[in-house]
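Visitor: With these hints in hand, go ahead and build the complete structure from the sequences.
2 protein chains.
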Amino acid sequence: MKPINVGLLGIGTVGGGTFSVLARNGEEIARRAGRPIQVSVVADRNLERTRRLTKDSCRVTDDAFAVVSDPDVDIVVELIGGDSVAKELVLQAIANGKHVVTANKALLAKHGNEIFAAAQKKGVMVAFEAAVAGGIPIIKALREGLTANRIEWIAGIINGTTNFILSEMRDKGLSFDVVLKEAQRLGYAEADPTFDVEGVDAAHKLSIMSAIAFGNSMSFDQAHIEGISQLDAADIRYAEQLGYRIKLLGITKRTSEGVELRVHPTLIPTRRLIANVEGAMNAVLVKGDAVGPTLYYGKGAGAEPTASAVIADLVDVTRMHTADPEHRVPHLAFQPDAMVDLPILPMADVITSYYLRLRVADRTGVLADVTRILADQEISIDAMIQREPAEGEEQTEIIMLTHQTRERNIDAAITRIASLDAVKGAIVRLRLEELL
Amino acid sequence: MKPINVGLLGIGTVGGGTFSVLARNGEEIARRAGRPIQVSVVADRNLERTRRLTKDSCRVTDDAFAVVSDPDVDIVVELIGGDSVAKELVLQAIANGKHVVTANKALLAKHGNEIFAAAQKKGVMVAFEAAVAGGIPIIKALREGLTANRIEWIAGIINGTTNFILSEMRDKGLSFDVVLKEAQRLGYAEADPTFDVEGVDAAHKLSIMSAIAFGNSMSFDQAHIEGISQLDAADIRYAEQLGYRIKLLGITKRTSEGVELRVHPTLIPTRRLIANVEGAMNAVLVKGDAVGPTLYYGKGAGAEPTASAVIADLVDVTRMHTADPEHRVPHLAFQPDAMVDLPILPMADVITSYYLRLRVADRTGVLADVTRILADQEISIDAMIQREPAEGEEQTEIIMLTHQTRERNIDAAITRIASLDAVKGAIVRLRLEELL
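Going down the list, the sequences are from chains V and E. The opening position of the first sequence corresponds to residue 1 in UniProt numbering, with each subsequent residue numbered one higher. The opening position of the second sequence corresponds to residue 1 in UniProt numbering, with each subsequent residue numbered one higher.
Derived by calculation from the structure, the hints in this document are not laboratory data. Keep in mind it's a predicted model, so treat the numbers as computed, not measured.
Note: identical chains are not told apart, hence a pair may lie in one copy or across any two.
List time: in silico SDA-like cross-link candidates among lysine to any residue, alpha-carbon distance up to 25 Å:
#1 K172 - L242
#2 K2 - A338
#3 K87 - A117
#4 K2 - V340
#5 K287 - M339
#6 K121 - D324
#7 K287 - T13
#8 K2 - R24
#9 K121 - M1
Guide: Right, here's the structure in full:
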């Protein structure tokens with residue numbers, strides 16, 4: 001059968017991986033797809049590298065706009081990244097009636113609503129398995145595998161850099177700054193790591209999963225985002241003593257009031273499978289009302305793991321590209337006319353449990369004052385450690401886990417506790433999820 | 001849009017779950033599928049229970065053959081189980097041009113080749129996500145999510161009963177017989193547990209995954225099957241001391257010589273995520289050449305988890321049922337004309353590592369004799385425990401882990417070791433997989 005022709009935009013890490021996996025496994029992929037999938041043209045600014053990688057097996061150009069207008073191209077694979085030129089290219093490809101496969105989470109999180117509307121109007125597919133959690137087929141699981149369910153929540157370790165850093169901080173008892181340098185040396189963190197360590201990358205991915213899970217429009221601009229750069233190794237240790245592990249989770253949850261959409265360091269019980277996802281690995285835990293909890297685990301980044309997702313999309317599009325649009329899986333899992341506009345909840349309205357660490361003067365009555373304030377806000381305490389002060393030390397630390405409460409209540413309590421004479425310095429507040 | 005009409009065969013546990021999840025989440029499912037999915041007729045021998053469960057919302061009958069011939073039925077859902085009447089019904093439904101959704105692993109493992117050929121000829125779909133690992137969308141992951149990959153191997157905990165029993169044996173230090181009775185009391189094991197505890201159920205599921213992974217025809221009749229009924233609690237303890245956990249794994253692996261297809265108790269390193277899958281949960285670890293290892297975890301049985309998979313298939317079939325067959329995902333992942341016939345390897349040719357436990361007379365020279373025999377077969381030792389004999393005891397135990405070797409070599413060595421004067425009783429031999 002006639003091969004399908006792919007125009008590849010960008011042959012960096014993921015583009016290079018896609019090119020080489022297609023070459024290596026092309027025969028087996030064709031046996032699955034029903035026809036060969038071939039890269040017919042590659043656009044990249046670095047023509048010399050592009051020629052070296054493609055070895056005359058296809059055309060090369062430095063003009064990406066020529067590729068999205070090329071009449072011989074059936075599917076455009078956008079692996080340039082960023083959300084300016086990439087957006088123009090994707091919209092132009094759609095306008096030209098091309099199907100698009102992309103790994104660009106920033107683009108979809110910010111401009112997905114516009115892009116999917118354009119694709120819908122033109123009757124083309126925009127596939128994006130590679131945009132979330134690399135090679136793990138989590139988009140497929142959410143959009144197709146769990147269609148029977150009312151999805152209740154999703155909690156994911158969806159940034160390998162931060163998970164690597166947290167694993168190392170715990171294992172070796174080192175500080176964030178020291179481990180970040182090590183991660184940069186090993187290539188697990190970028191020279192400018194802000195995007196990863198401050199949780200922005202995770203929030204992009206979370207926004208995409210949230211839209212698909214709830215049939216809601218993409219709401220990245222309303223996500224609450226906290227990273228791990230302020231996390232103290234002492235809190236990782238105390239959490240362990242209490243039976244918890246700290247992970248940077250992306251959490252989205254449907255409540256009767258709206259949708260929670262938040263990325264922040266989170267205590268989770270050590271006995272949960274997801275608490276044991278170590279190093280640069282990714283995992284997504286999904287709670288559906290019928291299936292219960294399911295978990296998806298694998299490499300969330302890297303050339304070939306991400307290429308695995310790009311090519312899975314290519315096979316899907318190859319199978320479906322001549323079919324009526326009605327036969328295809330909707331871009332955001334729900335039919336375009338069946339999307340809803342659920343409000344994203346402000347963090348003050350989120351209900352969860354909390355870990356608090358207070359530095360206090362070592363004298364009687366302090367604990368009574370603190371617990372009185374918590375009780376006034378109807379916050380009850382689940383567990384507590386009071387560190388024994390060392391010989392001659394006049395201050396000590398109290399660590400508490402609370403039961404569930406609304407974030408505005410804990411914040412009100414913290415303000416009052418911080419104003420107590422006996423309380424010294426800032427109060428550490430981390431969120432805790434049981435994930436049951 | 002016009003609803004799609006489902007004929008449900010069997011309204012027991014899974015049928016009842018399917019009926020009630022469709023009722024509860026029908027509106028949300030229609031928003032995904034693009035049209036309502038409604039059960040229009042249910043066939044079950046127990047008419048009274050059927051009427052009670054369906055509450056006049058659809059027709060009921062005790063004649064399943066009438067349903068598969070019913071012109072108003074678009075999709076037949078077969079949840080009767082077994083492989084005699086169910087086979088006739090499925091083949092009849094296909095002959096009548098109906099699409100089929102089934103959870104029947106025994107039927108597909110034994111008669112899948114015939115059923116898929118009939119469906120292919122007639123241009124209908126046979127969907128079977130629910131046949132493997134309950135609500136975990138593992139069939140979709142293998143058939144669609146990982147299409148870029150040359151799949152190297154799959155290792156799965158795909159029987160909840162046995163995983164529950166092994167978890168309890170380890171946690172509580174109890175024997176198989178005691179825990180089995182407890183599992184039966186809790187409803188985790190059938191009154192006749194043979195099918196589960198002897199590994200047959202796991203082998204059915206493994207055969208289906210193996211065919212999909214490698215594009216091979218269904219080869220259940222050649223699977224090697226060992227259960228857990230002979231497993232001694234002592235070996236679970238020794239394995240723990242050595243850093244391993246014992247799980248009943250279904251393993252299928254592509255080698256240059258053929259396909260390994262085997263179910264047996266297996267030692268796996270405790271630090272692997274899959275080693276920490278406890279109780280009745282299921283998990284499948286898949287190694288692809290591009291994506292690396294990915295893991296899928298969730299409930300492998302039960303009314304609603306299995307219904308989740310049945311209904312996901314119903315949504316897929318609903319979307320695709322008027323599309324050209326060429327647009328659909330092939331039944332066994334590879335196009336029918338691109339299937340191969342890889343040989344299934346006899347166990348003697350399988351290469352893996354081993355755990356050995358020997359009861360020996362407590363005297364010098366025994367260990368030298370044993371290691372000499374292993375060396376003669378080119379088997380090297382990775383770790384060893386020699387239990388200190390108690391005061392006055394004349395026998396002791398030696399536990400060894402070997403490096404990889406061919407099964408015929410270890411068996412030859414065991415025969416020679418067993419004939420040594422100093423070796424008392426049977427030698428325990430378990431297989432060990434690193435799963436990397």
